[in-house]
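As they're listed, the protein sequences go chains A and B. Going by this note's numbering, 175 is the number at position 175 of the first sequence; the sequence numbering is gapless. Going by this note's numbering, 407 is the number at position 407 of the second sequence; the sequence numbering is gapless.
I should point out that these hints are in silico values taken from the structure, not numbers from a laboratory. Quick reminder that beta carbons are idealized off the backbone N, C-alpha and C, glycines included. Watch out, some of these pointers could steer you wrong.
As the list claims (entries may be wrong) - No farther apart than 30 Å at their CA atoms in a straight line, the calculated lysine-lysine pairs in the DSSO-like style are these:
id : chain 1 : residue 1 : chain 2 : residue 2
1  : B       : LYS251    : A       : LYS182
2  : B       : LYS491    : A       : LYS94
3  : B       : LYS293    : A       : LYS203
4  : B       : LYS405    : A       : LYS203
5  : A       : LYS218    : B       : LYS151
6  : A       : LYS218    : B       : LYS143
7  : A       : LYS158    : B       : LYS195
8  : A       : LYS135    : B       : LYS195
9  : B       : LYS251    : B       : LYS293
10 : B       : LYS293    : A       : LYS182
11 : A       : LYS24     : A       : LYS159
12 : B       : LYS169    : A       : LYS218
13 : A       : LYS218    : B       : LYS251
14 : B       : LYS169    : A       : LYS158
Claimed, not checked - Which residues of chain A face chain B? A few of them, derived with a C-beta cut under 10 Å, are:
id : residue
15 : ASN139
16 : PRO168
17 : LEU190
18 : GLY191
19 : THR193
20 : SER199
21 : ARG202
22 : THR217
23 : ASP222
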Amino acid sequence: MAQEQVEEYLETIYDIETKDGTAKTTAIAKCLNVAPASVTEVLKSLSEKGFVQHEPYRGATLTENGKKIAEKIKRRHRLLEVFLTNVLRISREKVHAEACKMEHTISNETENALCRMLDAPARCPHGSPIFPCNKGVANCAECQAIADTGTSETLRHKKVIPITDLNPTQEGQIAFIRGDCKVVQRLSDLGLTLGTNVSVTRKTPLNGPVEVFVRRTKLAIDHAIAENIFVDTAGTGG
Amino acid sequence: MNGCDECNKRSPIDRSKIKNTEFTIALAGNANVGKSATFNQLTGVDQIIGNWPGKTVELAEGLLQYKGHRIRVIDLPGIYSFTTYSMEELVSREFIALEHPDAVINVVDASALERNLFFTIQLIELAPSLLIAVNQIDLAEKKGITVDTKKLSELLGIPVVPTVAIKGKGISSLTDAILNLVSASPVPPVLQYGKEVEERIAQIISQLGAVKTAYPVRWTAIKLLERDPEIVKIVGAQNSQVVETADTLAKEIETMHGEPVCVVMSAERYLIADRIVSEVIKIRTPVDGKPKKSLTDWLDQVALHPILGYLTVIAVIGGLLVWTFLIGAQISSFLTSFLSHFERYEPVINGSLLNILWNGAFSGFVAGVTLIIPYVLPFYLILAVIEDSGYLTRISVMLDRGMHKLGLHGKAIIPLILGYGCSVPACMSCRIMESPKQKLLTAFLVTLVPCTARTIVILGLVATFVNIWWALALYAFDIILIIVVGRIAFKAVPGESVGLIMEMPDYHVPSLSVILKQTWARTRSLIWIVFPAYIVGSAVLQAFYAAGLLNPVNTWLSPITTLWLGLPAVVGITLIFGIVRKELTILTLAVLLGTTNFASVMTPVQLIVLALVTMLYIPCISTILVLASEFGWRKSLSITGIEIVLALIVGGIMYRVLSLFM
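If we strip away everything but chain A, and leave its shape as in the complex, we get (with noise of 0.2 Å):
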């Protein structure tokens, strides 16, 4: 099976499960615009392969290992979205069906200097996440510094959210942020510093500010900037 078409499946199967729970072997099939055979054919393949769980009639989840894949393909598929509609000024319709095609061609190397030229950004053109990359920094200039100096890169073993999807209960602790350098130091000078608990307290309605609790206080802290605080919620419970 054609590595492309691995992704492909994985991510449409990454789709539907945000949205519904499970992918049904229907609505994949006719997401991709195939027979529900071949469909039921790929999934056993891809669950062989350790990239899902596919229980018959009932549809397929991703495996972590289908999951990080799927992820690292979106966030291509969105960053080129945002290089065709910024950069080379191609119609916002159009980009969705481009971006399918070079999502799979792209190596690791043109990903990373894509986000450091487009300046990282949090959303693609139609309002969806972009998930941070996979690389061991801390923040975009150290991604900088790294391309800059020609440092051999180190990767990021662990799983990283955006603090807007931490649940009220849950802590993280600060692992990425992404953005503006001042930005980054005006939130670590009120003691948002890398390896940092913080939990969030209270979202406000309509996207509006995210209340973080850290070192005692409380913040608030726009949803955009928000949002490209990145923390690593492993070992701290929710």
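With chain A fixed as given, assemble chain B onto it according to the hints.
Coordinates of chain B only, in the frame set by chain A:
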């Protein structure tokens, strides 16, 4: 002292407004830690608020008299760091370096020690003669946090005094400690950063030998390493070599950590702060395991609720405005009738020049008094209560999303609300916005908010002679207009917009002294700017008019006033008078028309259009002056020009639309 010549010019000694003092001390610390309350406890009511020369940052100054000593106390702005280059941070550090206060008192919040000590660490580097007041120690106790102030003092090597400033507790021991400190001035031990940072600081210090700045050497070295633009400029003018070295060393650190050097330094400071805090505080976990919900949590459930929160915002802001105008109207009519015993309040336009000038000046004075005392003062008083209680930050959070549409964020609501009182202090308060673009945008929108003077016109023309609903409709229309214009301006003005990052302080019962101080600070700017402009402007204009110099104005303006706006030609002059003070339009109109029953000479449409145009057409002369001092003349005049055009367009369209069905 090359790069510092300019600083020295605007420097110290003779600047002191309080004479014959033995010592000067400064209060420094984060916002919301009770710094103002401490200042008020130390100095009483005797305060002078002045601007730091050349910068639009206010410093309060007071006199502390204790055991026969006279000590000058300066309240520096509340800041979190010396590294992010805001005006407040710049002024604070310049003050400490140039005025050499004999001691600096660092007020810290006992409940948030880490973040406060983060700032303390930077203060120690800048001002060795330091004293810490651990404030709100009672609130911390309630949260189960005990601070060992003795231990903290040992670790930092500086005196530490526990206080509850709002209740006056610990203030006398604080004052004793100040006296001890200024006579002994001990040198606290240096707080060491990590090895790789310390090595580089030492290397920079070794090259700084011949360089002279007003700042301590170690502090200068650290700031060079952090590439602080001001320090780089000052040192670079004397020795560019050391700046280059520092830059190379900073790059080394950045390669090592892969982070901007400023962020590395912040992390280093938090590391020190965390280490100290872990030794000095004890946290009691509640017996039943679950932390109790605090009063703040309960109140926030309403204040930040998706529906109740918005209702509360509307109720509070609406209540503030309605209440102010209810009391205001009462006091105002009383004051006017009282003052009219002395001189006619209506403009006098014939008789001797002296008489005309006197009447003009007097009516300017009356207008000022009847504006400030009944309307502005109660408004600011209530607003200060809302602000000091901590609720204003919740309004900011609730309205943040809406403000985004205008390229602003939640904090901008503060100047906008202030604008309903008077545009002058409102424009000044735009300083709280972080980026220059947001500052300018907020100020522009503030000038479109109907201040009390414009409210008088709207009430006097529309509410009295048309009906109250049309008056309210004008307010609603103004809010829509602000949103539309704000959106356009956001797209048109270049520059970056910064998102909201704001501390959410706990609610507390407002302190009377802090409220009075805040109210006074805002009213004061009115007295110094608005009063003179009112008095002089109104006297001069009246003399011009009496001399017949303004008569041709009606003719010149008549194409606009009569043809385009559909108003009587006579309003041309009233609009000119209105530039000085908005409510003068209505007074002049009464004189020129010879009646106060405007409905007998003007149609409802004309009344509404005139009120609308008066509301928008130009910022008053005091506001233009303030805009110029905050943003420069070019921007001030651009705003003025834009508003004239805007008022004419909107007024003309309104006249035509309303004429269709009224």
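Outcome of the hint check:
no.	hint	in the structure
1	B:LYS251 <-> A:LYS182	holds (18 Å)
2	B:LYS491 <-> A:LYS94	holds (26 Å)
3	B:LYS293 <-> A:LYS203	holds (18 Å)
4	B:LYS405 <-> A:LYS203	holds (19 Å)
5	A:LYS218 <-> B:LYS151	holds (26 Å)
6	A:LYS218 <-> B:LYS143	holds (14 Å)
7	A:LYS158 <-> B:LYS195	holds (29 Å)
8	A:LYS135 <-> B:LYS195	holds (27 Å)
9	B:LYS251 <-> B:LYS293	violated (47 Å)
10	B:LYS293 <-> A:LYS182	violated (35 Å)
11	A:LYS24 <-> A:LYS159	holds (27 Å)
12	B:LYS169 <-> A:LYS218	holds (26 Å)
13	A:LYS218 <-> B:LYS251	violated (34 Å)
14	B:LYS169 <-> A:LYS158	violated (49 Å)
15	ASN139	holds (6 Å)
16	PRO168	violated (12 Å)
17	LEU190	holds (6 Å)
18	GLY191	holds (5 Å)
19	THR193	holds (5 Å)
20	SER199	violated (12 Å)
21	ARG202	holds (6 Å)
22	THR217	holds (4 Å)
23	ASP222	holds (3 Å)
Checked against the numbered hints above, the structure breaks hints 9, 10, 13, 14, 16 and 20 and satisfies the rest.
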